[in-house]
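Taken in sequence, the protein lines are chains A and B. Residue numbers for the first sequence follow the working numbering, so the first one is 554 and each next one is one higher. Residue numbers for the second sequence follow the working numbering, so the first one is 554 and each next one is one higher.
Where chain A lies over chain B, by a calculated footprint (3+ residues, C-beta under 8 Å):
1. 672-683
2. 702-712
3. 716-728
4. 855-865
No lab work stands behind these hints: they were computed from the structure. Built from N, CA and C at the ideal position, the CB exists for glycine as well.
Protein chains: 2
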Amino acid sequence: MKTAITDLCGIDYPIIQAGMIWCSGWQLAAAVSEAGGLGTLGAGSMHPKVLDQHITQLKASTSKPFAVNLPLLYPDIDAHVATCIKHQVPVVITSAGSPKKYSQQLKDHGIVVMHVVSSTAFATKAEAAGVDAVIAEGFEAGGHNGRDETTTMVLVPAVVDAVSIPVVAAGGIADGRSMAASMALGAQGVQVGSRFVASEESSAHEAFKTAVCEASEGDTQLTLKELTPVRLLNNPFYQSVNHAYGEGASKEALQELLGRGRAKKGMFEGDMTEGELEIGQVSSLFNEVLPARQIIDQMLTTYRETLNQLPKP
Amino acid sequence: MKTAITDLCGIDYPIIQAGMIWCSGWQLAAAVSEAGGLGTLGAGSMHPKVLDQHITQLKASTSKPFAVNLPLLYPDIDAHVATCIKHQVPVVITSAGSPKKYSQQLKDHGIVVMHVVSSTAFATKAEAAGVDAVIAEGFEAGGHNGRDETTTMVLVPAVVDAVSIPVVAAGGIADGRSMAASMALGAQGVQVGSRFVASEESSAHEAFKTAVCEASEGDTQLTLKELTPVRLLNNPFYQSVNHAYGEGASKEALQELLGRGRAKKGMFEGDMTEGELEIGQVSSLFNEVLPARQIIDQMLTTYRETLNQLPKP
Numbered sequence: 554m555k556t557a558i559t560d561l562c563g564i565d566y567p568i569i570q571a572g573m574i575w576c577s578g579w580q581l582a583a584a585v586s587e588a589g590g591l592g593t594l595g596a597g598s599m600h601p602k603v604l605d606q607h608i609t610q611l612k613a614s615t616s617k618p619f620a621v622n623l624p625l626l627y628p629d630i631d632a633h634v635a636t637c638i639k640h641q642v643p644v645v646i647t648s649a650g651s652p653k654k655y656s657q658q659l660k661d662h663g664i665v666v667m668h669v670v671s672s673t674a675f676a677t678k679a680e681a682a683g684v685d686a687v688i689a690e691g692f693e694a695g696g697h698n699g700r701d702e703t704t705t706m707v708l709v710p711a712v713v714d715a716v717s718i719p720v721v722a723a724g725g726i727a728d729g730r731s732m733a734a735s736m737a738l739g740a741q742g743v744q745v746g747s748r749f750v751a752s753e754e755s756s757a758h759e760a761f762k763t764a765v766c767e768a769s770e771g772d773t774q775l776t777l778k779e780l781t782p783v784r785l786l787n788n789p790f791y792q793s794v795n796h797a798y799g800e801g802a803s804k805e806a807l808q809e810l811l812g813r814g815r816a817k818k819g820m821f822e823g824d825m826t827e828g829e830l831e832i833g834q835v836s837s838l839f840n841e842v843l844p845a846r847q848i849i850d851q852m853l854t855t856y857r858e859t860l861n862q863l864p865k866p
Numbered sequence: 554m555k556t557a558i559t560d561l562c563g564i565d566y567p568i569i570q571a572g573m574i575w576c577s578g579w580q581l582a583a584a585v586s587e588a589g590g591l592g593t594l595g596a597g598s599m600h601p602k603v604l605d606q607h608i609t610q611l612k613a614s615t616s617k618p619f620a621v622n623l624p625l626l627y628p629d630i631d632a633h634v635a636t637c638i639k640h641q642v643p644v645v646i647t648s649a650g651s652p653k654k655y656s657q658q659l660k661d662h663g664i665v666v667m668h669v670v671s672s673t674a675f676a677t678k679a680e681a682a683g684v685d686a687v688i689a690e691g692f693e694a695g696g697h698n699g700r701d702e703t704t705t706m707v708l709v710p711a712v713v714d715a716v717s718i719p720v721v722a723a724g725g726i727a728d729g730r731s732m733a734a735s736m737a738l739g740a741q742g743v744q745v746g747s748r749f750v751a752s753e754e755s756s757a758h759e760a761f762k763t764a765v766c767e768a769s770e771g772d773t774q775l776t777l778k779e780l781t782p783v784r785l786l787n788n789p790f791y792q793s794v795n796h797a798y799g800e801g802a803s804k805e806a807l808q809e810l811l812g813r814g815r816a817k818k819g820m821f822e823g824d825m826t827e828g829e830l831e832i833g834q835v836s837s838l839f840n841e842v843l844p845a846r847q848i849i850d851q852m853l854t855t856y857r858e859t860l861n862q863l864p865k866p
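Next comes chain A alone, as it looks inside the complex:
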């Protein structure tokens, strides 16, 4: 399957596994890359030394292209960038910050750079900063999210119209139907997060994988908009945030309630009560943990079926 994204990344299928904190270590990235997609390390939850170890392990596990996701607000981002350059990482996906500072440096070292955006304005800025592609992520996506609340259905064609570099769709994509829908909207590839949280190779805690598989429609909500908007699974911690809103909590009180380390506690350590559980709306659409390869194979099979079934005009 050939698109601008498979060409850019040197992969077989235009399926990018999202770099998700606490869920995407070398095991998941290796499985996705070996299956013909683009596996991604989520560096946002790794100390610089840990990222170095994961890249080393990943390179030992696959000779295929892979990516590292770098949230640009990461405290020691310079160390992460240096690690990526040292290892000649094939692709770096930047997010949560301005792509201006590092894009050219990474590209000068032959690294393909993609940047995650939640709006057309950010997409054109990323293009101006010299990135090779943008990932347009809609309101339905898990984790941190844009303030405009533009959904994938509206955001992707808007970004496609606004930039001349390839666009990857993200948010709400977990099977071959939403993959085909994304391509119809003009995307050249898809980024898939939530579905891979519930993969065998994901480093998410088993309790979190189970919760994701059991999630129903309406079980996630975009919240903490006064801090950084984030889509969370409904659990006692989420309910305590909601309760705080009901009491008219200040921004400072919300920050204190959130505290530190809650994402790790929930997604990595399996505390389903006190943990912060970042996941997308699309978690309601699947219900079993599968090997990453099987997730990709099923997406491609359904994608083919979907194309054949589209009503012809």
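Fit chain B to the given chain A structure using the hints.
Same frame as chain A, now just chain B:
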């Protein structure tokens, strides 16, 4: 073009014009039906006598099938239902209420019944109530909206999986790309609202049409969630709602602020300051008022191009 929806409604193309208060009278419905789609009268803003007149005029203007949208919470809903039956309206689209009470009565008179839903739970209830099809409307849609905030990308496949009747996609659809995306998600047709507000035949005030064409990304927001969630265009009235939220306004205070007649004032009378302006996110994706037929022709042209350009696996 043949789908379960074109068969059910006896139309040429599976494009349903949404019944929108103050914007969709007989002129728009006639133009859409004449162009091969399903034109719809928005009865929610019509007195029973006015609906009767519009149906009479519409029948005089086209011999093709058309629909009436009935918001089931309309105060004199019995009169509206009686008017639809009297005129042997081909299709009734019910919304905002339980489809239990009227579906069978309408069907007994040979009327096709579709019901607008914002969740899978409502879709299965509508199917159980005997409706012929459901319209699954996502978070990005204009006007009144569901509480779960599920987007079209996630809602449509979920509803398709949950019911055995045909599903129409709504929310975020304004061109052939989003139409193709909707079909890929499993829909058998699309309902298009915002795009037809900015049509020549729409009864929206010219000032509202202009505002819709000028809307940018992020200019609409789902608000008034304590009352009935509604997606509004950012204008001074919307800002006063936001200000009230900042002051911790009670539900009663919000109700008083909203008052009565604001939708008419804005959308029909053209008061862009004090009016309530209901429109979808997709308003950011088009920028000129066109005849309804041209909107449909362009959708179909782009739909065909989109299908041809989808990357083959």
